[in-house]
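Undergrad: Here the protein sequences line up with chains A and B, keeping their order. Residues 1 to 321, numbered by our numbering, are exactly what the first sequence covers, in order. Residues 1 to 508, numbered by our numbering, are exactly what the second sequence covers, in order.
In case anyone wonders, no lab produced these hints; they're calculated from the structure. Every value quoted in this text rests on a predicted model; they were computed, and no experiment measured them. Treat the hints with caution; some may be incorrect.
[Stated by the list, open to error] With beta-carbon atoms standing in for the labels, derived distance ranges:
no., chain 1, residue 1, chain 2, residue 2, range
1, B, LEU58, A, ARG121, 33 to 41 Å
2, A, ARG121, B, ALA486, 44 to 52 Å
3, A, VAL310, B, GLY451, 48 to 56 Å
4, A, ARG121, B, VAL150, 24 to 32 Å
Where is the CB? At the ideal position from N, CA and C, for every residue including glycine.
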Amino acid sequence: MSGFALKERYRGFVQQGMVLLVLAALFVFFSLLNPNFLTWSNISSLLLASVVTATQAIGLTFVIATGGIDLTPGMGMLFCMVVLALPMTAWGAPLWVGVLAGILAGAALGTANGVLISYVRMQPMIATLAMMLVCWGFALVLAGSKTLSLRDVAGFKDIAMGEIVPGLYTGVLILVGIAIVAGVLMTKTVVGRYALAIGSNKEAVRISGINVNRWEVLAYTICGVFTGISGIIMAAYLNSVPPNTGQSYEMYAIAAAVIGGTSLRGGRASVFGAVIGAVTIRTIYNGLTILGFEDAWQKVVLGAVILIAVFVDIRRRGGEE
Amino acid sequence: MTVVAGEVLLEARGVSKAFPGVQALADVDFTLRAGQIHAVCGENGAGKSTLMKIIAGLYQMDGGELLLRGQPVRVASPLQARKLGISVIHQEFFLMNHLTVAQNIFIGREPKLPGGILNDDRALNERARLLLDRLGVDIDPRVQVRRLSVAAQQMVEIAKALSYDSRILIMDEPTAALTSGEVEALFRIIRRFAAPDTAVVYISHRMEEIKRLCDQITVLRDGRRVASRPAGELAISEVIQLMVGREIAAGARPEPRAVGEPALEVAGLATPALLHDLSFTLRRGEILGFAGLMGAGRTETARALIGADPKTAGQVRVFGREVDIATPADAVRLGIGYLSEDRKRYGLIMQQSVSANIALPSLGRFARRGLLQDAKMDELASQLCQRLRVKTPGVRQLLRNLSGGNQQKVVLAKWLARDCDILIFDEPTRGIDIGAKQEIYGLLRDLAAQGKSIIMISSELEEILRMSDRIVVMCDGRITGVLDNADATRENIMSLATRFASKQRQET
Numbered sequence: 001m002s003g004f005a006l007k008e009r010y011r012g013f014v015q016q017g018m019v020l021l022v023l024a025a026l027f028v029f030f031s032l033l034n035p036n037f038l039t040w041s042n043i044s045s046l047l048l049a050s051v052v053t054a055t056q057a058i059g060l061t062f063v064i065a066t067g068g069i070d071l072t073p074g075m076g077m078l079f080c081m082v083v084l085a086l087p088m089t090a091w092g093a094p095l096w097v098g099v100l101a102g103i104l105a106g107a108a109l110g111t112a113n114g115v116l117i118s119y120v121r122m123q124p125m126i127a128t129l130a131m132m133l134v135c136w137g138f139a140l141v142l143a144g145s146k147t148l149s150l151r152d153v154a155g156f157k158d159i160a161m162g163e164i165v166p167g168l169y170t171g172v173l174i175l176v177g178i179a180i181v182a183g184v185l186m187t188k189t190v191v192g193r194y195a196l197a198i199g200s201n202k203e204a205v206r207i208s209g210i211n212v213n214r215w216e217v218l219a220y221t222i223c224g225v226f227t228g229i230s231g232i233i234m235a236a237y238l239n240s241v242p243p244n245t246g247q248s249y250e251m252y253a254i255a256a257a258v259i260g261g262t263s264l265r266g267g268r269a270s271v272f273g274a275v276i277g278a279v280t281i282r283t284i285y286n287g288l289t290i291l292g293f294e295d296a297w298q299k300v301v302l303g304a305v306i307l308i309a310v311f312v313d314i315r316r317r318g319g320e321e
Numbered sequence: 001m002t003v004v005a006g007e008v009l010l011e012a013r014g015v016s017k018a019f020p021g022v023q024a025l026a027d028v029d030f031t032l033r034a035g036q037i038h039a040v041c042g043e044n045g046a047g048k049s050t051l052m053k054i055i056a057g058l059y060q061m062d063g064g065e066l067l068l069r070g071q072p073v074r075v076a077s078p079l080q081a082r083k084l085g086i087s088v089i090h091q092e093f094f095l096m097n098h099l100t101v102a103q104n105i106f107i108g109r110e111p112k113l114p115g116g117i118l119n120d121d122r123a124l125n126e127r128a129r130l131l132l133d134r135l136g137v138d139i140d141p142r143v144q145v146r147r148l149s150v151a152a153q154q155m156v157e158i159a160k161a162l163s164y165d166s167r168i169l170i171m172d173e174p175t176a177a178l179t180s181g182e183v184e185a186l187f188r189i190i191r192r193f194a195a196p197d198t199a200v201v202y203i204s205h206r207m208e209e210i211k212r213l214c215d216q217i218t219v220l221r222d223g224r225r226v227a228s229r230p231a232g233e234l235a236i237s238e239v240i241q242l243m244v245g246r247e248i249a250a251g252a253r254p255e256p257r258a259v260g261e262p263a264l265e266v267a268g269l270a271t272p273a274l275l276h277d278l279s280f281t282l283r284r285g286e287i288l289g290f291a292g293l294m295g296a297g298r299t300e301t302a303r304a305l306i307g308a309d310p311k312t313a314g315q316v317r318v319f320g321r322e323v324d325i326a327t328p329a330d331a332v333r334l335g336i337g338y339l340s341e342d343r344k345r346y347g348l349i350m351q352q353s354v355s356a357n358i359a360l361p362s363l364g365r366f367a368r369r370g371l372l373q374d375a376k377m378d379e380l381a382s383q384l385c386q387r388l389r390v391k392t393p394g395v396r397q398l399l400r401n402l403s404g405g406n407q408q409k410v411v412l413a414k415w416l417a418r419d420c421d422i423l424i425f426d427e428p429t430r431g432i433d434i435g436a437k438q439e440i441y442g443l444l445r446d447l448a449a450q451g452k453s454i455i456m457i458s459s460e461l462e463e464i465l466r467m468s469d470r471i472v473v474m475c476d477g478r479i480t481g482v483l484d485n486a487d488a489t490r491e492n493i494m495s496l497a498t499r500f501a502s503k504q505r506q507e508t
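So that you can see chain A by itself, here it is in the shape it has in the complex (with noise of 0.2 Å):
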């Protein structure tokens, strides 16, 4: 194999080397700024606070390797929770019940923009942009607009903070499962191989024999199969469903896939970058707020670090073309 060839090869290890790479030089920076930042507890309850939007952008990376968007993952995370939560505080279901019903919604969630999307032919933009607001307002109406408490259901809160390995959230465990399990789908299975080849070139793909319409349709389902794993995470966290919760959740999880190295144009996608992608933006805030910035001038920041990482994946392109 020519040299030439082998840059090819590893060009994607590079660029998730370089996010590493960042990340690594975040560590450094906040940690000799403040001593507390690099201590066991931080960097745990940091990694613990990645959960949620590491899992939304994990199932995003699916979505936007066809070339879509779905921005349905906040307020569809605020719906699934309101699902699973609703059998076990209103008929007293066990946990296992719920754990089910927060995955059932986000799997017909995800089915629902697909179909919408695929068959139907909308703009993903703007057709999940109305999911949203439709999971939204079933949220509400379900739980009565008010915060549903998770505090009778035994067990529920372990899920996210328990300690099956001591010093390691259980929800931090559960992250890498699902990663490894993604990252298999991706790289391993039809459909993540499909995925990026409808990114790459939907009309070669189509004249190839294959049924574009389905495949898209199931890496939607994917994305809200994760939204839904998402919800679950949070509820255990939060250990209740409040209705103000959700807001925003989405902009984090196409963040963090765009960090990670996912193309918003198809036919690129990691998901170990998008894990990264979320433990940066997490360490970004946990370490800002260490340095006593304010809520305000986080976003500022952040906003800057996503403008960078679209920045790389445009240039990247050109170099392509």
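Since the structure of chain A is already known, use the hints to place chain B on it.
TA: Then chain B, alone, in the frame of chain A:
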């Protein structure tokens, strides 16, 4: 400046232009006189549009010179061409559908009310009205362009050219989308435009129209000017003869071969836009050439056949069994693979590997318990790459790093991996260098000998004659003839390819 009728308006001397791998124009002279309607004829790829693009400032010539009324000029851009009084009316119009006729004509030059900020719509419409009157067409300048017929939109384009005070109007196949009544109206306007001090260059394949409309005919072949004579001195058959040139050597043509049972039978295929009642049969082991001019409907036939575009009628049989092909997925299931003329758009995923591209239509076969087996894909890919002699450093190489010929082979490999028995090649050697061309020809012959059934769409007569066992000739969405290779000549293919239905209507 006043110009006398018959004076030379535009002269091209020794114009040459090369593109990678092809000499598009070689030492071409072209003289356009005031008052002339001057036809430029030639096969696909003869250099007509290259010459026009040089005159219109879209391309820069490698050698030669352009003289406008005796003065040497350099036309560096379309904008400059327009300033020099040269306008082009393309086959596709560049009009903004939601603006009115007047707004389209004067886009970028809108008259302003005093103060220079607000548009003066009354003056705008008035000026447009004057222009349209000069052409003698009855179109309301306040109507949105999208409400006009194709013919009326073309008039708007001509009015726009007139508004720039153009002296030279270049028209590319202007009657392609017109009915015969509209053609007459257009001819009146063209004759009116070609007043004493202006001239029209008329590019068309429609010989009848050329004979009726034009004063002078220039014929190009293989980038050279082979004739330029007054239209009255040239018969249609002579023009066709000049366009196609000499016969190719007999030895280069395929011998009649035994072919098998019908592999693909098409009856009455039609599409909403273009195709009418197409019927043909492809036999096992046969190479069936599809000849015709640009826009004859050959690619559309292939796309309708494989379910990529909707069709309004037509029965298809595959190896004797009646089938319904509604989507490309149906076609692939039946073993029909389509290799598009536009490989990058419809054939390949440039940023993925050779191996991933080859496996794409058959991914399901490479999954075991849901997991894809990359090693197996790579193995099959390297077998096929060896068989088709794809030059690549490895099967993991990204496709965009391969040459055109090798990319074409990868598309072929993809269909062979899917066990397709019927292959539709659309311009298989477009954009491929000469050496790789011969290799592709060899591959096509081998595949046919192995019993694959092949449709080969090509705009190169030479390619059609060298490769096809039989030749289907199309014109304007219809099949105008099917020839055995032994009976086919460049002349009879070209005369079938220019047999427009509207012409027949006028004759009867």
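Undergrad: Against each hint, give a clear statement of whether it holds in the structure.
TA: Hints and how they fare:
Our hint of 33 to 41 Å for LEU58(B) and ARG121(A) holds, since their Cβ atoms are close to 35 Å apart. The given range of 44 to 52 Å is respected by ARG121(A) and ALA486(B), whose C-beta atoms sit roughly 50 Å from each other. A C-beta distance of roughly 52 Å is found between VAL310(A) and GLY451(B), which places it inside the suggested range of 48 to 56 Å. Checked against the hint of 24 to 32 Å, the C-beta distance between ARG121(A) and VAL150(B) comes to roughly 27 Å, which is consistent with it.
Checked against the numbered hints above, the structure breaks none of them.
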